[in-house]
Structure formats: C-alpha cells, structure tokens
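Sequences are here, hints too, so could you generate the full structure?
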Amino acid sequence: MNIPKELKYEKTDEWVKVDGKNATIGISDYAQEQLSDIVYVDISLSAGDKVKKGSVIATIESVKAAADVNMPVSGTVLEVNNALSDIPEKVNSDPYVTAWLVKVELDDPQEVTGLMDGAAYEKYCAERAH
Amino acid sequence: MFTPHTESEIASMLKTVGVSRLEDLFKVVPESCRYPNLDLPAALTEMEARQELELLSEANETAHDLACFLGAGVYNHYSPAAVDAIIRRGEFMTAYTPYQPEISQGTLQAIFEYQSLIASLTGMEVCNASHYDGATACAEAAVMAFHMFRGKRSRIVLSPAVHPHYRQTIRTYLQGYPDLTITGDETGVDLQQNPSTLISSIDENTCLVLVQYPDFFGRIYELKAIMDAAHAVGALVAVSSDPVSLGLLTPPGDLGADIVTGEGQSLGLPLSFGGPYLGIFATKKEYIHKIAGRLVGETIDKDGKRAFVLTLTAREQHIRRERATSNICTNQGLMALASTVYLSLIGKSGLKQVAALSYQKAHYAFKRLTQLPGYQAWSSSPFFNEFVIKCPKPVDEINFHLLDHGILGGYDLGLTYPELKDHMLVACTEVNTRQEIDGLVNVLSEVTHE
Chain A
0 MNIPKELKYE
10 KTDEWVKVDG
20 KNATIGISDY
30 AQEQLSDIVY
40 VDISLSAGDK
50 VKKGSVIATI
60 ESVKAAADVN
70 MPVSGTVLEV
80 NNALSDIPEK
90 VNSDPYVTAW
100 LVKVELDDPQ
110 EVTGLMDGAA
120 YEKYCAERAH
Chain B
0 MFTPHTESEI
10 ASMLKTVGVS
20 RLEDLFKVVP
30 ESCRYPNLDL
40 PAALTEMEAR
50 QELELLSEAN
60 ETAHDLACFL
70 GAGVYNHYSP
80 AAVDAIIRRG
90 EFMTAYTPYQ
100 PEISQGTLQA
110 IFEYQSLIAS
120 LTGMEVCNAS
130 HYDGATACAE
140 AAVMAFHMFR
150 GKRSRIVLSP
160 AVHPHYRQTI
170 RTYLQGYPDL
180 TITGDETGVD
190 LQQNPSTLIS
200 SIDENTCLVL
210 VQYPDFFGRI
220 YELKAIMDAA
230 HAVGALVAVS
240 SDPVSLGLLT
250 PPGDLGADIV
260 TGEGQSLGLP
270 LSFGGPYLGI
280 FATKKEYIHK
290 IAGRLVGETI
300 DKDGKRAFVL
310 TLTAREQHIR
320 RERATSNICT
330 NQGLMALAST
340 VYLSLIGKSG
350 LKQVAALSYQ
360 KAHYAFKRLT
370 QLPGYQAWSS
380 SPFFNEFVIK
390 CPKPVDEINF
400 HLLDHGILGG
410 YDLGLTYPEL
420 KDHMLVACTE
430 VNTRQEIDGL
440 VNVLSEVTHE
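Here the protein sequences come in this chain order: A and B. Position 63 of the first sequence, counted from 1, bears residue number 62 in numbering that gives the first Met the number 0, the numbering being contiguous throughout. Position 111 of the second sequence, counted from 1, bears residue number 110 in numbering that gives the first Met the number 0, the numbering being contiguous throughout.
Don't read these hints as lab results, they were simulated from the structure. Keep in mind that the hints are not guaranteed to be accurate.
What the hints assert, rightly or not - Below, a list of computed lysine-lysine pairs in the DSS-like style, where the Cα atoms sit at most 27 Å apart:
no.: 1; chain 1: A; residue 1: Lys-102; chain 2: A; residue 2: Lys-49
no.: 2; chain 1: B; residue 1: Lys-289; chain 2: A; residue 2: Lys-102
no.: 3; chain 1: A; residue 1: Lys-51; chain 2: B; residue 2: Lys-151
no.: 4; chain 1: B; residue 1: Lys-289; chain 2: A; residue 2: Lys-63
no.: 5; chain 1: B; residue 1: Lys-420; chain 2: B; residue 2: Lys-392
Unchecked claim - To list a few chain A residues with every Cβ distance to chain B over 10 Å, as calculated:
no.: 6; residue: Asn-1
no.: 7; residue: Gly-53
no.: 8; residue: Asp-67
no.: 9; residue: Val-79
no.: 10; residue: Ala-82
no.: 11; residue: Glu-88
no.: 12; residue: Tyr-95
no.: 13; residue: Thr-97
no.: 14; residue: Glu-104
no.: 15; residue: Pro-108
no.: 16; residue: Glu-121
Note that CB positions come from ideal geometry on N, CA and C, so glycine has one too.
Spelled out as structure tokens, the structure:
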C-alpha cells in the first residue's frame, strides 16, 4: 500500500497536503482499495464554499458501495477537481496526484496538527486489516 | 388453525423461558380481557361464507356496471385480456426485484423494456424502474431537485393545477426539510390564469418548477414559456403527465422538461379501487446519479450474449448503506410489466388511437353539455380528455341522481377547490360510447328542470 510520508491523514481515510495556508484533499490508497472499482465521483462543493471539518464534501461510488468523503480540515474552497467525473477510475490508479478532490484555503493551518502523519496512518491501516 | 410448532417444541420453549403453560405468558393482561366471550353468529362453512360474501359484493357498482365519467387522475381505459394473461405467467410470479438481480434476466429485461418505452413516450433519456404511483413519483422529483442544488436553493414553485393528492404527497415527503418553501398553490390564487401566472414566482432561489400537463382540470397550455422562465434562472422543471395523453401531445421532454413523472394506471392497469398503480419517473442522462430507485441497463455477458444488469441504484440502501436516501426496493414491478405488455400490444398507432378517441369523445361531451341551459364551460383553454363544467346544482346532488340512471358522474371539484363549488370535472375515454354520453346529457338536462 502506498502511504506518502509527507501527507496528513484523517481517520475516515482522507489525505491532506499542506502548502502554506492552502491544502489539497483526496482519499487514500487504502480507501480506494476498500471501495474497489470506482465508477462515479460527485463532489458536492464549488469554489467559494466555506466548509467545516467533518462535513460531507463528496460521494464516491464504486461497483460495490457508495461512500461519503468527509472534510478533514475547515476552510474555503479554492478549486474543485470536476474533471474526475469523467475519469473516476483515476481515484483507483492515482489517488494522490491526478485524483485530488478539492483545494482549500485553511481557516487555521494549525488544525492539521490534529491529523495523523504517514507512519501513524500506516499503523492505523494495518490494525484495521485484522 | 395453522400451528408452526409441535407440542414438544412448545414444551421445550416454555421450559426455557420458565413458565409451565402457554396461558401464563398472558398473565399481565387483566383476566377479564384475556378470553372475553365474543357475541358471534354460528360458524359458516366455506360454501356458505362464500355465498354470503358474493351476495354482499353484488351490492357494489363498479366502472364495469356504470357509464363512467369519473377521472381526476385515473382513467377507465380498456385493457386487452392478453395483458392480464401475460402478467399472470409463472415466470413473472415474483415481481420483486431481487438483491441478486442478474439471476432474474426475465425480470430485468421486462424492466429494461418498460424503461425504454417510457423514455420514448415522455421524450426523456432515462427512466427508472418505477415508483408506487403518480403522487410519489411527483414527490421524488421535488426531493431530487432539492438535492441537485445541495440545499442552496430552497424554493419549489408548485402549480395549483397539479393533482391535489400529489401536492399533499409532496408536502408529506418534504415535511422534514425545514428550510424549504413550497409556493404557488396557495388558496385564493387565480386558477383560471394558472399555471402561466407561476412565472412571476420563479426566482434565483427556485430549485424546481412543478406543473401538470394536461393539468388537473384537463387543460393543455403553453408549457414552453414556463420552461424558459425556469431555465433562465437555472431551475429544473418537472412535468406530471398522463402517459396516454402523450399518444397525441408533444412529449414534455421534447419541450425541455428536466423530469417527467406520471401515473401509469392509464396504461392498461385496472381502476381496482385505487391501486396498485404505477409511478412513472423519467429524466435526463445528466441527472442519473440523483434519481431514486433503480435503473436496469443492457450489456453483454462473458460469451458476448445480450444480457441485463442492475446498472444504477445510486441512492438505494444496499449501496449507500445507512446513508441511503431512497428505499424503493419494491418498485411496482408487476404494474410496470402490465404497462409494458399493454404498450407492446397496442403499439404506437394503438396508443395514438386511444388518445384520439378519448380526446374526441370528451370534446363531443363538452360541446353537448355546454349547450344545456344552466351548464357553463369553466375555461376556454384547449383540453385533452377531461374538462370542467359549472353546474346549476351541487355536484354531489347531481351525481346521486346520475347514479340512479347507471351513470358515474364526474369529480366534485368543490371537495378540493372551495372556489370551484358546483363545478364538475368530466372525463371521457375510448370506453365511453356515444349513447353513454347522450345519456349523461339527457339526465343532466332533467336535473335542471327539477
């Protein structure tokens, strides 16, 4: 499983890449593997929306389930990856680069310190495998 | 009596729960209520019971015994005997769409054919596997439109000329949406001018404009102006239509509707005292992930043969789990099948003929009735197979009189529209003969002279 060390992770399997006061958000390799073949991505946000940590930002539908994606941090949406609705399979093949979901300006850059780092998330995934 | 357990099983269960007799389980019920003496007549044999029930049922008068001019949402069309014969075949005995659906290729194919026929009839790209009835299909359009805008638009503009039961059902479905406003059908609005007066209520906060076409009063009107006004502010338009009327009229889809719903009863289903009926729901391809229920699609199996799959159930519980927003597990499978068989049997030209006959007979009735002294046309709009007539006496009185002559009169509009007291909604279908219509006219002319 691919768990980049430089990213932060939420318990509900979203990743956050921090870049100054901005952040990019997506779902982890573990999450895409659990979902299996992804057939539809519906991001329920548009630029300018203010989103609180924990609110639902997207629904990802695979051949066996539909799962909600939760906001791992609070912020204002800068950009939404709407291209994913035409290439949902990229969430399976490239969850950390092509298949980012939203870019936000963080309300509080300190908020990310509450998330897991790569090592902690790897341990967290391993625990759930049993 | 049917007893699923043996004496020894019962004894073993009683021992486990720690009571000695079955009766002990009911000790909490006061003794006087436990085994009261019921004052019942002596038991009848099956034969006697049947004879008594048949005697009672003969007191009923149905649309088969009477000349029926009652419509208001369901219509007394003729259904060929083959419809009933085909849907009763053993292969279709279980109409339930199973949770391992692909094992039931016949069921899936029937739904696929149904979807294709309805999509073509309504002028839409996709149609789901159906809802309970026209009212719930209409309410699903409102739910879908609200979620389309993720709660950012909180206004639904609802025509007062949508069936009153449908409007009640929409409000029932949406009662848990505190921020949502449903407007347009308030008491006191000018029914004559509607639905075109709705245009002024459409604003940037409107997620859906919901109209009926032909409307509840049977009228055909300029639909495009409403569509344009709604689309100009980015709102969706849902149109509830009687599918038989679409044998004659331009489908709402071709006029730009985003959602078309309808009561499928008129497609070969019996009146049957109110149900089961069939909820039609069709929309554009871009909205398929927002619809309730399920969609069946065509594909090929591993040997390259044509096969059918449950393609989409985006909001259903087996895919969304506890976050499901649709629970139409049991679609009206058998009713959808009946309408599919009906449409296949009568074909395009047959449906057109049914629609044309219903139209012509209603227009003959309208012409004769409006010539009677005391009776007046309520509207000068074009209409399909139903029209409103102002009567010289209360409608319930008139209908009572008609019943004496073997005629089931029209719907008493005063029941749901107080301002339309003494107005009757008269419907005709291909079933009504000229003699029946003349009979109606004769009895109504007598009513005036009394």
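Which earlier hints turn out false for this structure, listed by number in ascending order?
Result: hint 8 breaks, nothing else.
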